[in-house]
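> Given chain R's structure and the hints, the job is docking chains W, F and D onto it.
Protein chains: 4
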Amino acid sequence: MTAVKDSVHDYISLDPVAAELVDTPEFQRLRHIKQLSTVRLVYPSASHTRFEHSLGVYHLASRALSHLGIDGDRAAHVRAAALLHDIGHGPYGHQTEDLIRRRTGRDHDEIHHLLDGTAVGDVLDAHGLDPGRVATLVAGDSGLGQLVSGELDVDRMDYLVRDAHHTGVPYGTIDHGRLVRELRYRDGKVVLAEGNVQTAESLLLARALMNGTVYRHHVSRIAGAMLERASERLVDDAVSLDEFVRMADHDLLVALGDHVPELGRRIECRNLYKRAVWAPIDAVSTDVVELDYEASRAAEREIADVAGVSPVSVIVDAPSRPRIKESRSRVVVNGVVRRLEDASELVGALRAAERTQWRLGVYAPESVRDEVAAAAIDVLDVPTRVTTHA
Amino acid sequence: MTAVKDSVHDYISLDPVAAELVDTPEFQRLRHIKQLSTVRLVYPSASHTRFEHSLGVYHLASRALSHLGIDGDRAAHVRAAALLHDIGHGPYGHQTEDLIRRRTGRDHDEIHHLLDGTAVGDVLDAHGLDPGRVATLVAGDSGLGQLVSGELDVDRMDYLVRDAHHTGVPYGTIDHGRLVRELRYRDGKVVLAEGNVQTAESLLLARALMNGTVYRHHVSRIAGAMLERASERLVDDAVSLDEFVRMADHDLLVALGDHVPELGRRIECRNLYKRAVWAPIDAVSTDVVELDYEASRAAEREIADVAGVSPVSVIVDAPSRPRIKESRSRVVVNGVVRRLEDASELVGALRAAERTQWRLGVYAPESVRDEVAAAAIDVLDVPTRVTTHA
Amino acid sequence: MTAVKDSVHDYISLDPVAAELVDTPEFQRLRHIKQLSTVRLVYPSASHTRFEHSLGVYHLASRALSHLGIDGDRAAHVRAAALLHDIGHGPYGHQTEDLIRRRTGRDHDEIHHLLDGTAVGDVLDAHGLDPGRVATLVAGDSGLGQLVSGELDVDRMDYLVRDAHHTGVPYGTIDHGRLVRELRYRDGKVVLAEGNVQTAESLLLARALMNGTVYRHHVSRIAGAMLERASERLVDDAVSLDEFVRMADHDLLVALGDHVPELGRRIECRNLYKRAVWAPIDAVSTDVVELDYEASRAAEREIADVAGVSPVSVIVDAPSRPRIKESRSRVVVNGVVRRLEDASELVGALRAAERTQWRLGVYAPESVRDEVAAAAIDVLDVPTRVTTHA
Amino acid sequence: MTAVKDSVHDYISLDPVAAELVDTPEFQRLRHIKQLSTVRLVYPSASHTRFEHSLGVYHLASRALSHLGIDGDRAAHVRAAALLHDIGHGPYGHQTEDLIRRRTGRDHDEIHHLLDGTAVGDVLDAHGLDPGRVATLVAGDSGLGQLVSGELDVDRMDYLVRDAHHTGVPYGTIDHGRLVRELRYRDGKVVLAEGNVQTAESLLLARALMNGTVYRHHVSRIAGAMLERASERLVDDAVSLDEFVRMADHDLLVALGDHVPELGRRIECRNLYKRAVWAPIDAVSTDVVELDYEASRAAEREIADVAGVSPVSVIVDAPSRPRIKESRSRVVVNGVVRRLEDASELVGALRAAERTQWRLGVYAPESVRDEVAAAAIDVLDVPTRVTTHA
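Protein chains in written order, with UniProt numbering: chain R, 1 to 390; chain W, 1 to 390; chain F, 1 to 390; chain D, 1 to 390.
What the hints contain is simulated information worked out from the structure, not anything from laboratory work.
Positions of the beta carbon are idealized from the N, C-alpha and C atoms, including for glycine.
Hints may contain errors.
[Claimed, not checked] Anything over 12 Å on all C-beta distances counts as not near chain D; from chain F, calculated:
hint, residue
1, Thr2
2, Pro25
3, Ala139
4, Ile174
5, Val197
6, Asp236
7, Glu243
8, Ser320
9, Ala353
10, Asp381
[What the hints assert, rightly or not] Output of the computed footprint for chain F on chain W, the stretches with three or more beta carbons under 8 Å from beta carbons of chain F:
hint, segment
11, 7-14
12, 25-32
13, 360-374
[Unchecked claim] Example chain W residues on the side facing chain D (calculated, C-beta under 8 Å, incomplete):
hint, residue
14, Ala3
15, Arg63
16, Gly177
Chain R extracted, bound-state conformation (with noise of 0.2 Å):
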């Protein structure tokens, strides 16, 4: 059987169907759009990619698939949609997501077009696994397709200790080996068995402590809302819709470099915008906590205005509000499946802490950051520019 060394889990065995499936270009393109996008500007090991960890996704269905005693044919097709993941992701994987959203509407783990005539599709077709159920088991959350993409899933269980390896922030090391083991299957649900609150509970302090390290960092934060503008540009300006879905990491860095340098540059080099803004839920109106994308240019256009610079010098970055997927896992209490938020005092407590965590973040140059951050007080009606940090 083949195997593949991997930092996390060691060994992992493929199947004869993962062996032929990490051939083909769909896949091997993960190799070159990182897993953490822009976090590695702040931890500087964090370069791994959505390759390995669509293995690792892999790796644990398969051994939760083995221990909840599911083979044959149902097994395969999880097996399948686990490693084919994360493949409808963009270049620089999350942070294009919302923008190919908003112009396809189509979703990363909307994948059913991409097994259709291609080389993936191709394999699957060869084995006689059925491609549209695979990428159903990637949408979806229903059926075994949870272990894939649901509260308790395995892609959750790798990024976290993942991320945690690279980045060497150790809040993400959960103990993966209990989860996979304490995993049942009860009418149609992912559940985990009795006397595991706690280990539900772990997976959530795990992320919450992680995002606000990690996953939402300001200097992330600032690179990736400047990504997401500039690669807006790039779709408005210079490359194909098509082409740019297809584009992995390079592609996509090398193409801003050309098309969008006063941006793509910054990026490469880390010279960064500056938080002009960084102001917190209470500090600022439901408007502007509820500000969606048109919204947010809008304004980003006028404090350009007001501030007497370009428009491209500003950046709105209004994260929408925070959910806790982890909330709605289940587990096993006296016998009974519950959700966690009913078993678990920690996730009303949770759900406040990611609140005070939100933060308004208004981005512009260093050079012009006074000006910008006047007109942003002015326009967006913030008290004061809150630079006290998260």
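Quick look at chains W, F and D alone, frame taken from chain R:
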């Protein structure tokens, strides 16, 4: 400079005072006191000792002092206190702490008597350090003593990481590098610098998860309760209190085997009592939650009597209500020093979560478990034996 | 399936036979025998036990059998042998092995007598396993017994990684995942598959580096020699041989403190003898290199006499010539099974390197070190005390 | 003090000069040059960069200087050199080094031209450091430059551990803590203190094992050779040499896809050439072992001609004879500084072992592998294609 290889912190450099302190019999005795007493009956790799832990605490204290810019005489006393903070432990550490406190009035962090006329005291004297000052630092939360024993002490930072390393349970792997770097000393208080609410929370969360999974695992609690009862019999019947407090683990294990074999041999071979009753806080009356030492012993006798078994066959284990010491750690938030419990939504939730993890245990040999369960339900007015696991 | 958390291999699943064997007193005793006896006087974190090591060996054996496609009855016997391979050890493991061999003629891997009429034997019987066959597998290099004790056994794979984890010395971190996957069973021989000369070498090199740095560190050798001499006096004077072989570490440490305090207390407090002579192989005569047990004791008495000190104050430690068992491991090269020593240039060099690391030691209390050194130089005809460290 | 979190060394504190150097475009470019170029086609987790490696080398240099008691101006220059030692690399690091040397006469450690009139040079100037002196330290083995580039340099110490961490292959996990502590500076030479022959050997052995398993894995060699040929075509046909040397990995990957797609696309999708010939040193003539660049290219053309395939379909890869630079590292033995090769039996054996690992490779697309093999056997006078793997 002398250096010791440690499996957690790699090389630990010892200053000349530390190098001599390490060679004293009082400190060498810590080689023979396991850090986690009976936990290794659950996690077999957890055989680490207070010797290596004490070196680790010394190491982190040295680094913290260096980051705080504190050196000279003050630092020398703190480093000595860090190294010596555990020499007051009896055999099996925390497991005999209550017994020793009841009989001597002394806590394990009261070490004045161990620095007077001992090799340790001589070393301190010879290097111009004041033993009394060292003992006060070990005991107390005041001033730099907080680094050794306080809400943000390096004791906790070391044991969480070390216990994780040795048990294999990852929850304790906090970011001690960050914690040590972010410490500040303000107005006589050890606090965390701005931007570290989550850093403080991570410490709290790590301990909460380790509590449930490791420190209060029911098997370890059972063995610990057996050890405590056996030790009492030993002190009552066979060895003097003076002799007892000076014992190390191997001395106690042999003495129990010789003098209290009905419990001692069981502990040695992990032939443990089983849970006859295991009841959450809401299933028992306030009286039971607050059972003190005398009342617990009386209950044991009564249960044994009702069940018709020997008193040694019943152990009532009603833990004290959980406290979360770290909740009072201090963090700078927007320039102001605040208690974590006032700055974090999580503290309250953790308190509640700790409450749900509380369990009353009644333990008995397997052969009489049913009789003891029936009697305990009757005597303690528990509705049922409630055997669901934590 | 029962699972145990291990700090090296994470969860170890136990088959039903193993789960019952683990609960026997014979196996539980291994909790109280440290894997590295006196090494922890040098590397304080190395307090791990033969209990966890035995679980690790069982785990690797299970995986190796699975990769080899061996199951059923044959596999069950090998797994049991892997688990039980160390139950024949006396207190402090290898440190009392020679003494026990001299007095009983038994090596630690001779365990037939421990499977007859014991709890372990009963468990094997109850599950239809043949105790004699298990004991033969533990003892021998034949057939699948090579997996348990042979040139490519999983015993070595586990202890190297485990000792590295617990000492903090990284040299032992071999690639056990690869070793286990590349094992083949050909014509009754356990061999490594094609392309693994370097894999085999890595095992050899890891052990060579661990030998010099850990296993044969002079402080551990001194303490070990003191322990052996003390144990002899104990058996001669105070406890029966039968009692001695059944002791665990804590029993021996207490017994030595009671009956041979002049050595026992020193070991307990790491107040060790020092090197009076430390001579490389080229500095001493062949007679000295080949000093056997009786001759060493005679030399001690003579040196003590010349030096005018008590015989207990002189220890002559002339290790046997080094052997490199792994040099005879087998690897497939160009389709042919070859001995590693015939396929690798490194084996010969390692033999020579081991020779240069050989040291004759004569140890004495610091207070009489000079006298003993002078006498030893005279009696053993060593040119000088040669105190240079290895 | 600025600190960066690293997955290998945890927090790395940057002195003020380093903090500014890190922000220059010349240094930021290292974020986009992978440490192990094509190795990640074999070990998918190995996506780490020269950016993080350079920080690691800076960190170990700082610690080594501190242990050596060297500070002030001398130390400042060495630290800067350690940080900057890799800024002279072209895209894909070592993989384009020969090409760049042939065309420019410059090695990657020749960085004088990068310190003149650049942001890096400005930072050095502003802090009173001499760019020329820094460049000389990077280039040379003299004086403290040995710490940066020499037989015992911290460059090697960092990359071995880092490559092990990121590939998952444990052989590189040397004891860098010990190595750094045991360095001494004697008569202008960096040496290891008494008692460290084995420490020096461990460095040698780690690299030998990593060479065979990682650095010279045949898949990485094939991809590397393809990349080198493709780069030559790129420089010949499409981009200037000046442009080429300033490229980072992403620039080159895109440029190859655009201008040399027949090779570039294959590298991107890991659709690699296969081994047509793979012959050990004893199977080929001395002429072939010593094939230089021109002769290799000529052989490729001749083989292509004989095989009737396009010249781009044949790659001859005759590595230079292995050298073991570490064999000349210095260790104090009995008070005298000696070369390791004179103090260790292992060095000679490793030289011989390296020789047995040498392989001539001839690579071709799978579709024409047989034709190319036949032609290569003929042209290079290899007895057979010898496809056995290393």
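> If a hint holds in the structure, say so; if it doesn't, say that too.
How the hints compare with the structure:
no.	hint	in the structure
1	Thr2	29 Å, holds
2	Pro25	37 Å, holds
3	Ala139	31 Å, holds
4	Ile174	7 Å, violated
5	Val197	8 Å, violated
6	Asp236	37 Å, holds
7	Glu243	40 Å, holds
8	Ser320	20 Å, holds
9	Ala353	5 Å, violated
10	Asp381	21 Å, holds
11	7-14	holds (count 3)
12	25-32	holds (count 5)
13	360-374	violated (count 0)
14	Ala3	7 Å, holds
15	Arg63	10 Å, violated
16	Gly177	5 Å, holds
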